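Combine the two chains into a complex, taking the hints into account.
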Amino acid sequence: MYSKISTHFNKETADPRYFQILYLGSFLFYGLCFLGWDGDAIKYIAIFASAIVTQMVFSYFTTKQYSSVKSALITSLGLSLLLKTGTIETAILASVFAISSKFLIRVNHKHLFNPANFGIVAAILLTNDAWVSPGQWGSSVLLWFIVGAGGLMMILKVGRIDTSITFLLVFGALLFIRHVIYLGWEPQVWLHKMSNGTLLLYAFFMITDPMTTPNHIKARILWSSLLGGALFVLSSFFYVQTAAIWLLFGVSLLTPIFDKLLIATKYQWNNLTASTINKPNQTT
Amino acid sequence: MKKVILTLMAIASVGQLAMAFCGFYVAKAGADLYNNKSEVILVRDGSNTTITMSNDFSGNVKDFAMVVPVPNVLDRSDIQIADRSIFQMLDAYSAPRLVEYYDYNPCGLPMPSMMDVSMEKESTTKMVTYTSLKDNFKYKVTIEAQYSVEEYDIVLLSAKDASGLKRWLVDNGYSIPAKAEHVLEPYIKSGLKFFVVKVDLNKYNPKANGGFLRPLQIKVKSDKFMLPIRLGMANSVGEQDMIVYAFSKRGRVECTNYRTIKMPTDNLVPTFIKPKFGTFYTDVFKNEYRKAGKNAVFLEYAWNVTPTFNGMKCDPCVGNPPYTREIMMAGVPWANQNGVTTFFTRLHVRYTLDKFPEDLFFQETPNTEMYQARYVITNPATGDLSCAEGRVYQDELRLRRRKELIELASLARWNTDSYYDYIAHGTDKVRSNKAIETDHNSKNINVPFWFFGKGDTPHKVLFLLVFGMLIVYSLKRLKLTLVKG
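Same order as they appear, the protein sequences are chains V and C.
Using the numbering used here, you'd call the opening residue of the first sequence number 1 and step up by one each time.
Using the numbering used here, you'd call the opening residue of the second sequence number 1 and step up by one each time.
In case anyone wonders, no lab produced these hints; they're calculated from the structure.
From a predicted model like this one, the values you see are computed outputs, not experimental measurements.
Wrong hints could be hidden among the right ones.
[What the hints assert, rightly or not] Using 20 Å as the maximum straight-line C-alpha spacing, the simulated SDA-like pairs for lysine to any residue come out as follows:
no.	chain 1	residue 1	chain 2	residue 2
1	C	Lys224	V	Val240
2	C	Lys274	C	Gly319
3	C	Lys276	C	Ser410
4	C	Lys224	V	Val132
5	C	Lys262	V	Leu28
6	C	Lys189	V	Leu183
7	C	Lys294	V	Val132
8	C	Lys355	V	Pro187
9	C	Lys189	V	Leu234
10	C	Lys291	V	Phe29
11	C	Lys189	V	Ser236
12	C	Lys179	V	Val189
13	C	Lys179	V	Pro187
14	V	Lys43	V	Cys33
15	C	Lys262	C	Val376
16	C	Lys62	C	Gly191
17	C	Lys460	V	Leu35
18	C	Lys189	V	Ala173
19	C	Lys355	V	Lys43
20	C	Lys224	V	Leu175
21	C	Lys179	V	Glu186
22	C	Lys249	V	Thr87
23	C	Lys219	V	Tyr239
[Stated by the list, open to error] Listed next, the stretches of chain C that the computed footprint assigns to chain V, with coverage defined by at least 3 CB atoms under 8 Å from CB atoms of chain V:
no.	stretch
24	256-262
25	367-373
26	461-471
Where a beta carbon is used, it is the ideal one built from N, C-alpha and C, also for glycine.
The following block holds chain C by itself, in its conformation from the complex (with noise of 0.2 Å):
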């Protein structure tokens, strides 16, 4: 029996099938942190939105299936091929940086200021598996649409109830994850069809596009605008990454049903974490999305891409800046018309069954404030420092880099007592690297004993604050009686 992956975008999350990782390019130790990911470009236009699913599949393309709640049947000019570039690309330009600077010399002539900067790499991962199609209705299935796009086979159903999409899967050979059922329900109710995807073998050309499946763009119309991440988690029980590219005409895109938070930027940090940027990122997310409750949605990116926009597109680069191809390229059909805004915006979710029961939903808002998540690293100078300047600038340095070490700790939790040296020498010499483990699983809502937990500070200060005005309050009540009896 084959394993079907059921999900928005395939993300989802079976064990057992080869799952293609790429982490951070330098990364170590934070590797498993992104294992389950998955990519999808959103593009909003009225009530029409472009969803590509990145595809990251990598074992055999016949046990690749897909099945992805649709709001309507779609036209078979609403199913296009992506090209797999538009993902890299998108996540190379907007992915969180490092931006290296050098300091001048002041006892000599100054050094020629440079900037460098690395990134982050990303991927998805994804896997499916695939059976043939048969026509059944006594599971009242109704097969509303069948289209042979490129390599893909595609079916769209609809259904009357669960059980019976479920039957019909199955005796097609799809095996279902066993919680599936229950979030196909739901769906089935709010009037959803399903997209269901397969390679056709006789098509499919292992050579082309390095071995990988191609992405899948397909055009819905609806006024929700939201991603069904619930099917992806029916048999996944861990975290699982979400990194979203989301177009629009008017600004910002952002998540109405959970908070949609900024990634801390502009930080200083110490030099050393060049070479582990990546895991520095990693822990700096996981420290986040720890804080804020394991709940919410993070803004990565946001900028103007417009490609008539005259201004920068980003600062500094560490991609090529979209234009018109790749833009129209991830499903935004007014990127050649003049006068028209394109503004771009990059999510990062990483969910869990317990901490997001319902979909995302999403809005645009007329937000254009562009943001980008940057740290900066800023190398001492070097030659010799022994003039007065240079004697004062190395005081500087000294508290300069405390606060560089300061940041690290309040940032990503690093343990900083082993960096002692790269106060006190002034040098990038650096003893051990030991990352402290960020990650408490620390259940933060568990009142009454909450309070005196750890972590969940916010909660804790709006508990007191209320909690005296409350006492306050009462207190005057009680005298405004004893004075009037």
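So here's chain V without its partners, still in its complex pose (with noise of 0.2 Å):
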């Protein structure tokens, strides 16, 4: 009896999504309880409702696999983190622009855009009432630490570690040459800028979505350098305050092209377990 409720338990714990939701999830508590977020519940339940609903009504006409309302809260929460607006009505146009996107916009059976950060575009293009506000979190060294600490556990379950630290590598690196190297600013004016929350929830959460990167190991350090590489010039250069989510929405137009250069199979939500995990190829 035991083991049946244990092999039961573990099979679901076992989905990396459960995990991220609870770690979004905190983040957002965090946000709205103790960093002074305004705290519209409407909007968040807008947010999610329409999420899940999209979700639904897609699986319905597509799948018929209704457990894929996890990704959809996983979206509804990358959308609390990061967007805000004015009105309900935009965030319910971004929440059911992100989801669609990932069932209309389809390159070799995986998604093209990551669907958190397609919403946020969508809504900052089409409407005169969404922004990013990159400040909201502040800069920490513990914050860094407490989102690094976990997002690393987190992204070692969904094996995509390698986006991340190609990423934080490749534009702290930069970013270290430019300012502290070249400019002569001290080194704690790169400790803040690379401590910045919403930079590192976007390294440890939004470039990490197994299905909006390639497949292929070599092909993501490539796609995640090229990342960092791009996203330096635009904040260094051309002061783009919100580059990232642009340049997110960008390179995903690569993936397709990667995954057709170096071929490796397509990462599974369900089928992991600990064994698996690191070993994609062996997944079906």
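Written as structure tokens, this is what we have:
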């Protein structure tokens, strides 16, 4: 009896999305309760409700598999954490666009864009009412530690650690060369830029989506280096404050090309156990 | 040798020169807090930024000098002289406010509801010194432009390296703080120019403008929407306050590399803070500043001030709202265009070198939600309260006053023990008004003992949450392995 329950329990928890939901959820809680974000409950409910409904509707017409509601939850959390809007309509629009993009914009049986990122871009472009607050997390070294440690655990499970590490290394190194070595700022300036909460969430949660990153590890390293390099150029020379969001949108377009050039098996959320996580080739 | 202050708005900070302090109009205990304050008006329109720097320099004008890093060489038309009154006007309009209400006497004729307001007054301090200019190319310094703008002599410099610029300034009689060279370097390498100002004594009339120098208003064009605060910190280790009055077409202006936090608002506070509202607000600010880890920007006011906008311009108004003329004076070119919104944001930042390693970067957001920092006192009903309703009222009053004291303790960290009379008698009798020293100078982040130290609750909660989750997760994984085994 115990082993039965336990097996069921473990099967469920083996899906890294549970951990992801819990983790992102705690950040939303933290932001709302302690960082003084505008606590407009209806807006958050609207984001979650419209994401789940959209996901169910699309699932009904396609796979009829409703376990993917977890993904809808993660997308809603991502939107709640990053997107700021003035009205509920905009929040719903972002949410519906985010989920729809998963089903409608597909290449090689993979969706092309990170859904939350797509929703944010759509809301900013289509309405005059949406924005991203890069400063909302502040820059605390401790936050860095916490986001980093938790994020690391999570992506170890998802198996996309290469993306985060490469991105942070490339971006961090370029930033260090430019600001500390060339311009002559103190290392604190670099540390302040690198410990920005939004950058870390982005590095650990947005660009590690197994569905929108290339399948092959070499391709992923190239892909995230490109992202880190481009983010450095846009933020240091063109002062685009929200460059990260636009870049991920652009770089996602390259994912199918990378997948074509370097072939590897597509990631599966459910077929995971601890032993197969790091060996995607064994999954079917 | 004369001293020069290098900063965006000449905030700076040299103690030896006289500093005009003009704190809260009732300030006593908190007067020293705002000593190092500057005010700046920012107008953002596409990639154009108009910056107006307040100027309360009150020393000998021949000692005045100012160095401001700017992104490009300014044309003569990009430099204006603004009216000093615009700062007073914007400050009076947007300052955190205390609102006063009166209870009705439930036993007698209702008193007319009155409303009164008081406000904190603010002002800026700054000082500088000045010298004559001398062309000299051995310093690798180029004079890109030179203008005489009424009483100011202005020169725009570009430099190849920091030591050259420093020597040029020193040889021309400017004394540069030792640490400034450090900060000049990155600015030069980023391609910034230097806007150097002194006063032309022949054109300066000490009798005009109450003896104050008039604010300079410059227009720069850059995708960077920022304020270079680092230069102003070159020779100061203490806390400096800056009030930013920002205008944009879209909505609120917020900081992108530090948190922008709203000040608490609409709190009911005891009536006895009325004569010392300045001290009260100073303590509230100090408390919020400490709670936020001393590295945040605070929102004190946000409102749609479009001249044609028919809604309320403040609630209640502590000063006249700015109209077309004032908004134009502040440097907003579109103020007289119909159908264009003008949104006003007041930000208050207290910065120190260790907590603000980077300059302040801003962005316009489409957020048009109105906001004001406002605190409310309610005066008790007077007269005979012996009727039944009157007794109920007195009970309610005691309860309300208890809550007001709790609010006071949590907002401003005042020790409310000595205010017991305030609840007990329902009167304004007060024994003492000692404010607690709120600044514990606690270093917030000091792992591993940080967790057991004071303050920084948000991070502790987050830490516990994540730590707890990691443990639960690890236990589950462990169980998985055991079951398998």
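Restraint check for C:Lys179 with V:Pro187, where alpha carbons must lie at most 20 Å apart
Since the Cα atoms of C:Lys179 and V:Pro187 sit roughly 16 Å apart, the hinted pair holds (cutoff 20 Å).
Are C:Lys249 and V:Thr87 close enough, with their CA atoms no more than 20 Å apart?
19 Å, holds
Does the structure keep C:Lys294 and V:Val132 at a Cα separation of 20 Å or less?
Violated: C:Lys294 and V:Val132 sit about 23 Å apart, past 20 Å.
Given pair status - V:Lys43, C:Lys355, alpha carbons within 20 Å
33 Å, violated
Hint consistency between C:Lys355 and V:Pro187 [alpha-carbon to alpha-carbon, up to 20 Å]
Roughly 13 Å between the alpha carbons, so the hint for C:Lys355 and V:Pro187 holds.
V:Lys43 and V:Cys33 were given as a pair; does the straight-line alpha-carbon distance stay at or below 20 Å?
With Cα atoms ~16 Å apart, V:Lys43 and V:Cys33 stay inside 20 Å; holds.
Would the pair C:Lys179 and V:Val189 pass a check requiring their Cα atoms to be no farther apart than 20 Å?
Roughly 16 Å between the alpha carbons, so the hint for C:Lys179 and V:Val189 holds.
20 Å limit on alpha-carbon distance, applied to hinted pair C:Lys276 and C:Ser410
17 Å, holds
Between C:Lys189 and V:Ser236, is the straight-line Cα distance small enough, at 20 Å or below?
13 Å, holds
Satisfaction of hint between V:Val240 and C:Lys224, Cα-Cα up to 20 Å:
Answer holds: C:Lys224 to V:Val240 is near 9 Å, not above 20 Å.
Pairwise hint evaluation, V:Ala173 against C:Lys189, where the allowed Cα distance is 20 Å at most
19 Å, holds
How about the stretch 367-373 of chain C: do at least three of its residues have a C-beta closer than 8 Å to a C-beta of chain V?
holds (count 3)
Of the hints listed earlier, those the structure fails to meet are numbers 7, 16, 19, in rising order.
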